[in-house]
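Participant: Chain residues, written in single-letter form:
There are 4 protein chains.
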Amino acid sequence: MKIKTSITKIQNDKEIIRGHELENLIQEKSFVEVIYLLFKGNLPTEKETKMLNAMLVASIDHGPGVASALNARISASAQNSTHSALASGILGFGPRHGIAGQGMMEFLYSHVDETDIAGLVSKLKELKVRVPGFGHKVFTDADPRAEALFKLAKNLEIFGKYSKFAHQFKNEINAQSSRPLPINIDGAMGAILCDMGFDARLGQTFFLIGRTPGLLAHIYEEQTQDEGIRRLDESEIEFVNVTAD
Amino acid sequence: MKIKTSITKIQNDKEIIRGHELENLIQEKSFVEVIYLLFKGNLPTEKETKMLNAMLVASIDHGPGVASALNARISASAQNSTHSALASGILGFGPRHGIAGQGMMEFLYSHVDETDIAGLVSKLKELKVRVPGFGHKVFTDADPRAEALFKLAKNLEIFGKYSKFAHQFKNEINAQSSRPLPINIDGAMGAILCDMGFDARLGQTFFLIGRTPGLLAHIYEEQTQDEGIRRLDESEIEFVNVTAD
Amino acid sequence: MKIKTSITKIQNDKEIIRGHELENLIQEKSFVEVIYLLFKGNLPTEKETKMLNAMLVASIDHGPGVASALNARISASAQNSTHSALASGILGFGPRHGIAGQGMMEFLYSHVDETDIAGLVSKLKELKVRVPGFGHKVFTDADPRAEALFKLAKNLEIFGKYSKFAHQFKNEINAQSSRPLPINIDGAMGAILCDMGFDARLGQTFFLIGRTPGLLAHIYEEQTQDEGIRRLDESEIEFVNVTAD
Amino acid sequence: MKIKTSITKIQNDKEIIRGHELENLIQEKSFVEVIYLLFKGNLPTEKETKMLNAMLVASIDHGPGVASALNARISASAQNSTHSALASGILGFGPRHGIAGQGMMEFLYSHVDETDIAGLVSKLKELKVRVPGFGHKVFTDADPRAEALFKLAKNLEIFGKYSKFAHQFKNEINAQSSRPLPINIDGAMGAILCDMGFDARLGQTFFLIGRTPGLLAHIYEEQTQDEGIRRLDESEIEFVNVTAD
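Protein chains in written order, with my numbering: chain A, 1 to 245; chain B, 1 to 245; chain C, 1 to 245; chain D, 1 to 245.
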């Protein structure tokens, strides 16, 4: 098996990441700048650093009750190693949780130049296509994390045609629908990442980086509480006598 | 199932992390500061931020050939979703790769007050106990990432009794052994995390946070190269006719 | 969190699976029969047992070089617990490896009543839609596992309209294409599972059950060989100086 | 990377498993016999087949509330692919759930020839060493699955010195303790696998094979119920204002 890479070169006891010596990066650059470097191939401007930093912080945790944190804590409660519990937590993400940014970016890259947004919304409603990045179980009116990110994007002059389109699209959805549907954090990050020129295939990447510390904090809390392995109580399980097929 | 948590509180459309409103953290704090907050419960000083930042950057990648990156790329080459490939990559870590910091921290917390280090080394040699955090496949003389971290720890006046003990212990190993055995990056991080007052159960946590972007960069590279699913060539498999039992 | 289930009922120190006491199943039924029971809700006939047994045996292993076995062995070589290495191996499956049966079943259930198969093939070629379940890297002419399964399905009189359609479709592909494209094991299992009346969502399930022992055998072999952690040699990594973006 | 294997040889379009052509195995052998072959290198006797079959059936499911099934269902509820949800479920196993057989086998292989069992029990109690394979959350008096397996092992004349020692040890624990502590299913399987001559490193393997169908049945049930992504209700989360450190 042969692998070609452009990310990291290890030579003569030196490690070079995208052309920069790791030893220098360790001393001179922030974690966020080096994350940007890994995916873009160049170091970010100060504004890009602030924007990416804000997205990572916005993603960092959302409590123990979401699928990813639950899985991480359950696996930790079985006394698995921290890294195994982390893997389990990550498998709690899925099309319904955390990875919607990718779909949002694909949607924006395909549709941003359309002008009849009302027509687009009604066509998608007719086809029952649900665009990822809108709506949230807890934040039903507005997702404060999304709003904070867009506000910052405006201040940093990163808010561009993709973020603008996302808002026009959201307004049109809400005009055609009876209940409000906010842009959620995945959607906001997707729109802003488009405005920063990232590939749609990176649409879940920064959320995953941002949330990893949160999952690990829940694993650590589970380890320190050490209340034994988690399981449902009998009262939480209802047996229904139905044949599977 | 009931979960108690002290990490994140979500109330009235506000998310509060360890007593700080997420909206404020997004605008005012760096990702590294909020990571520190998650695990310690308070915000770091400037020096602590620099130190933790350096450890995260030092961990960020080590090329495509290590077990974790290989697993991540193989899983991505089967066209799994980014988050599933990340989980697979994380399961490439293990007692032999990436998680040694925890063992190092447990060792340091148990032994730091011993004064007969020569006796300790010869006793461990006799018992064939291998302390995690020493030695590296590529960096056989010295691990430049470990050295960069210790240098910074000295500059920041974080280098304390645990880092000092790790060096004394390493010197004694090398005095009693014919081939040099450096402190590796896991060991350096373990020693410094002790000096920063972190719990030994967090001994692999910061490495996992630091390396997650590296795994995701390899997943993205695999997705963009798209050379089909990876497998060993026939020439890389040798069939040996041995009965299993 | 509340979960409704119809699978297993635990009451008064008795465990009842789909209406059958586990203690009786342990003594009277084969593993394959109870697997069938789990998913169908009733016990299989002798013919159905033979057919399902054959599919599970056919799936059991395909050597150490495929993505799933590679991942399992790499994770085991890092000295992870057997179950963690198994999880890693399972994440080596993906749309390009092992889970094509589901797509095949969805295809067959949607198209089995079409009569213009030549037209269907040319339309799919035009749309560049690749139906899962056809073609194999090693078995380019014919997949002997698929052929053995179809032969048995005929003997057991399970070979029905779905298996027949799969062959007609394959013949038409080969008539319109220059290189032969066999039905692979995933495709054969998909077609036969349709003829047995299984839901398309179970299209990867029986392959996963069948291959799990194979992955565990590779993990065990890796543990007994114990050659240290696996990684690519320097000669297997090529650094190419390209910017990521 | 080079891998040596003795499991499967693929040559001239033929696949040979431990010296047996897969095509023949598909037609002539049961899944359980081929599982035995994979790990032992030879085909089992009729009695060995019955015993292994019983262990696999006994392991097949234990309801939706245990950590592994919960994780599998949560991951499936996020709409992950079946194989990803299965990996998540497997990461719900751990030292406290499902993998105790390995520890039991190591214990039995080390201690089976000791004659002062009362002394051994009191020594272990003093050292606070808990031998894995004893005790169960639901089955507090006796684990009916364990009893069914031991009964069958006696009938098949497989019940030997390891199973006998396990019972003597259990009786001694119960003589020295106020509350009854049964041999659980992991312990029973561990003892019987010792009597069948299996390596202790296979101590969790057959449980994992046996339970995989159960996890997949829960994943399928979750997919068919499709009640949306699972999460804890607000009432199930209690925020406690404690600093982490």
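Heads up, some of the hints might be wrong.
[As the list claims (entries may be wrong)] What the simulated footprint calls covered on chain B by chain A, stretch by stretch (three residues with Cβ under 8 Å from a Cβ of chain A suffice, anywhere in the stretch; the number is not a length):
hint : segment
1    : 27-39
2    : 42-56
[Said to hold, decoys possible] Ranges between beta-carbon positions, derived for each pair:
hint : chain 1 : residue 1 : chain 2 : residue 2 : range
3    : A       : ASN171    : B       : ASP233    : 42 to 48 Å
4    : A       : GLU28     : C       : SER122    : 55 to 61 Å
5    : B       : VAL240    : A       : GLU227    : 57 to 63 Å
6    : C       : LEU43     : B       : SER235    : 19 to 25 Å
These aren't lab readings, by the way, just hints derived from the structure by calculation.
All C-beta atoms, glycine included, are put in the ideal place defined by N, C-alpha and C.
Participant: Hints first: check each against the structure and report whether it holds.
Facilitator: Hints and how they fare:
| no. | hint | verdict |
| --- | --- | --- |
| 1 | 27-39 | holds (count 9) |
| 2 | 42-56 | holds (count 3) |
| 3 | A/ASN171 - B/ASP233: 42 to 48 Å | violated, 55 Å |
| 4 | A/GLU28 - C/SER122: 55 to 61 Å | holds, 60 Å |
| 5 | B/VAL240 - A/GLU227: 57 to 63 Å | violated, 48 Å |
| 6 | C/LEU43 - B/SER235: 19 to 25 Å | violated, 47 Å |
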